[in-house]
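> Letter by letter, the chains look like this.
2 protein chains.
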Amino acid sequence: MKQTILVTGGTGFIGSHTTVELIESGYQVVIIDNLSNSKIEVLDGIEKITGVRPAFEQIDLTDYQATENVFKKYPAIEGIIHFAASKAVGESVQKPLLYYRNNIVSLVNLLELMPKYNVKGLIFSSSCTVYGQPKPENLPVTETAPHQKAMSPYGNTKEINEQIIYDYIHSNAPIKSIVLRYFNPIGAHPSALIGELPNGVPNNLIPFVTQTAMGIRKELTVFGNDYNTPDGTCIRDYIYVVDLAKAHVAAMTRVLDMDADRLEYFNIGTGKGNSTKEIIETFERATGVKLNWKFGPRREGDIEKIWGDCTKANTVLGWKAETPLEDVLRSAWKWQEKLRADGVM
Amino acid sequence: MKQTILVTGGTGFIGSHTTVELIESGYQVVIIDNLSNSKIEVLDGIEKITGVRPAFEQIDLTDYQATENVFKKYPAIEGIIHFAASKAVGESVQKPLLYYRNNIVSLVNLLELMPKYNVKGLIFSSSCTVYGQPKPENLPVTETAPHQKAMSPYGNTKEINEQIIYDYIHSNAPIKSIVLRYFNPIGAHPSALIGELPNGVPNNLIPFVTQTAMGIRKELTVFGNDYNTPDGTCIRDYIYVVDLAKAHVAAMTRVLDMDADRLEYFNIGTGKGNSTKEIIETFERATGVKLNWKFGPRREGDIEKIWGDCTKANTVLGWKAETPLEDVLRSAWKWQEKLRADGVM
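Protein chains in written order, with the UniProt record's numbering: chain A, 1 to 345; chain B, 1 to 345.
It is worth saying that the hints were derived from the structure and are not from the lab. Careful, some of the hints might be misleading.
You can't tell identical chains apart in this list, so a pair holds if it fits in one copy or across any two.
Here are the simulated EDC-like pairs of lysine to aspartate or glutamate, each with C-alpha atoms no more than 20 Å apart in a straight line [to be verified]:
{"id": "1", "residue 1": "K95", "residue 2": "E112"}
{"id": "2", "residue 1": "K149", "residue 2": "E159"}
{"id": "3", "residue 1": "K95", "residue 2": "D261"}
{"id": "4", "residue 1": "K312", "residue 2": "D259"}
{"id": "5", "residue 1": "K2", "residue 2": "D259"}
{"id": "6", "residue 1": "K272", "residue 2": "D302"}
{"id": "7", "residue 1": "K116", "residue 2": "D261"}
{"id": "8", "residue 1": "K272", "residue 2": "E304"}
{"id": "9", "residue 1": "K116", "residue 2": "D44"}
{"id": "10", "residue 1": "K73", "residue 2": "E281"}
Produce the complete structure using the sequences and hints provided.
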């Protein structure tokens with residue numbers, strides 16, 4: 001039996017897929033989630049897939065005392081994967097204080113509790129948003145690329161939290177950490193028992209694609225066709241959520257073995273970019289479903305193109321994104337069909 | 001009778017001098033301080049100078065409920081001057097979580113409470129630390145100079161808090177704010193009834209100078225004599241704390257009259273730089289006391305030279321630093337003599 005891992009935000013999109021991979025790799029999992037943006041039924045999905053129901057505590061990580069009680073209740077916790085965060089870019093512009101408070105205080109509480117409860121390893125969910133729009137000569141972007149000011153309070157909290165972890169470890173706190181900078185996570189578990197459950201109108205491309213394909217949305221607007229890219233639409237590095245979940249398992253294994261006081265950064269992506277138009281065409285080809293879409297004006301705050309150099313994760317973590325885009329998009333569609341079958345949407 | 005102003009950190013160095021100037025300008029003052037780095041007796045000094053004892057609440061601003069209770073108890077509060085913060089650069093490197101929690105949560109709590117209690121104006125204590133080491137062509141540094149990554153968690157919290165205020169006002173929160181970026185505050189009230197009370201070995205030049213002059217410290221080390229400055233020692237913009245306090249009164253008057261949703265930034269300094277060596281020589285000349293000092297190696301994290309272009313404060317706030325350096329250094333020495341006479345140190 002492997003170590004016990006605390007997964008914060010474990011009923012969320014990436015958290016639930018990571019919990020599945022951790023359990024299937026032999027780890028024990030304790031989930032903390034305040035269910036502000038996920039449903040308790042996700043635990044059923046995890047249990048159906050793995051045969052194991054993870055321990056679950058519904059608390060808010062900004063509550064120091066409640067968080068401490070979890071560490072008291074589960075003294076075996078050795079590592080933390082910290083997903084829990086408010087994550088909607090648009091909402092963060094409307095409610096910045098909510099984002100600064102939730103995202104910063106949650107992390108500070110966890111960091112403060114780690115030495116007290118002898119928890120050694122932290123995996124932190126960061127984002128390629130810290131790179132801003134990399135200069136063309138910096139594409140694919142490596143972990144050492146300069147950071148740029150984020151375009152939103154959400155993005156700022158990722159940068160600030162990376163800084164807090166850096167400063168904490170450099171104050172000789174007896175912990176070690178791996179920061180994973182995700183590109184664009186998409187898709188769903190092949191079982192279609194867990195997946196992405198966006199609230200309201202999706203901000204991200206893939207849920208909008210599948211909801212449009214399902215007829216929930218009348219049409220899909222592609223924001224901008226005059227970017228400096230081969231087909232004029234934005235380019236992103238779309239990473240399959242199951243591949244991403246496996247990167248967390250690899251990172252957790254590594255962080256628990258690392259020397260104290262170490263801090264590492266890894267890009268987690270496919271290493272290549274796909275344009276919005278390519279995604280739409282690949283989705284149509286992979287699923288046989290025709291999408292109703294049109295071009296609209298550029299959307300404020302969108303960067304033109306970014307994709308990651310993931311060589312470091314490939315070599316150091318021994319991890320690689322392996323799932324073909326067609327399969328990934330089929331998994332997203334299968335999940336959407338499941339949501340329809342279950343009457344969720 | 002003018003408005004009621006909440007001064008957080010009001011028993012601290014700059015807070016106490018600002019409270020005096022506010023009272024002398026006719027404002028009512030409510031002080032919040034947790035007394036973590038100041039003494040309750042400061043209220044006696046304020047009362048002796050002004051004839052008025054400000055209302056005082058000993059609470060910690062990271063405690064949302066306790067902070068809210070202050071707004072309930074004093075519904076007349078119309079403006080806030082937010083000084084309260086952990087402020088020791090070195091300590092912030094040792095205890096980064098303390099700094100991120102204290103400095104960020106305090107501000108977020110105040111911002112959240114302002115609209116709820118119809119408090120319109122906020123003056124925020126920022127620092128020239130947000131500019132880092134300006135390029136030579138940017139000296140004196142103006143308010144529009146690019147920001148640079150701070151060298152410490154303390155400096156980071158100033159930058160982060162400026163960002164939080166910016167994001168909050170741009171989310172259409174019904175508040176307005178003036179951010180004052182101080183250069184190096186020094187000196188004490190001419191009455192010697194209030195002044196700076198550093199804990200332990202001072203980090204700042206002037207308390208070290210006066211303590212050395214008093215014989216409390218054996219000698220003063222000047223860190224580095226090979227900087228690219230006329231005499232090889234670092235250059236700073238030393239601003240008299242009473243002049244600085246008056247800038248807060250001018251800023252408070254302005255912020256309460258401003259349109260909602262406005263945010264302004266002002267450098268508060270003298271507009272000129274003095275080298276460490278000049279400060280020592282001026283102190284000796286002004287007080288007639290000989291200092292025992294020597295050169296030592298450079299200190300990590302010190303920037304070479306910075307002074308502020310304060311034209312904007314001069315013209316828009318109608319404020320100007322007026323006190324000659326000799327008088328300022330004499331006020332610091334008089335305060336040190338008072339501390340000795342009182343048996344404090």
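> All hints are to be evaluated individually against the structure, with a verdict given for each.
Okay, the hints, checked on the actual structure:
1. Within a single copy, K95 and E112 get their C-alpha atoms only as close as 26 Å, which misses the 20 Å cut-off; across copies the closest is 10 Å, which meets it.
2. In this assembly of identical chains, K149 and E159 lie within 20 Å of each other by CA distance both inside one copy and across copies; the values are 8 Å within and 12 Å between.
3. For the identical chains of this complex, K95 and D261 are inter-copy neighbours only, at 15 Å across copies versus 35 Å inside a copy, given an alpha-carbon limit of 20 Å.
4. For a Cα distance limit of 20 Å, the shortest separation of K312 from D259 inside one copy, 18 Å, qualifies, whereas the shortest one across copies, 51 Å, does not.
5. Taking identical chains as interchangeable, the C-alpha atoms of K2 and D259 lie at most 20 Å apart only when both belong to the same chain, with a minimum of 19 Å there against 60 Å between chains.
6. Within a single copy, K272 and D302 get their C-alpha atoms as close as 18 Å, which meets the 20 Å cut-off; across copies the closest is 42 Å, which misses it.
7. For a Cα distance limit of 20 Å, the shortest separation of K116 from D261 inside one copy, 16 Å, qualifies, whereas the shortest one across copies, 43 Å, does not.
8. Taking identical chains as interchangeable, the C-alpha atoms of K272 and E304 lie at most 20 Å apart only when both belong to the same chain, with a minimum of 14 Å there against 44 Å between chains.
9. In this assembly of identical chains, K116 and D44 lie within 20 Å of each other by CA distance neither inside one copy nor across copies; the values are 32 Å within and 41 Å between.
10. Taking the shortest alpha-carbon separations for K73 and E281, neither the intra-copy value of 50 Å nor the inter-copy value of 62 Å comes in at or below 20 Å.
Going down the numbered hints, you'll see the structure goes against 9, 10, while the others check out.
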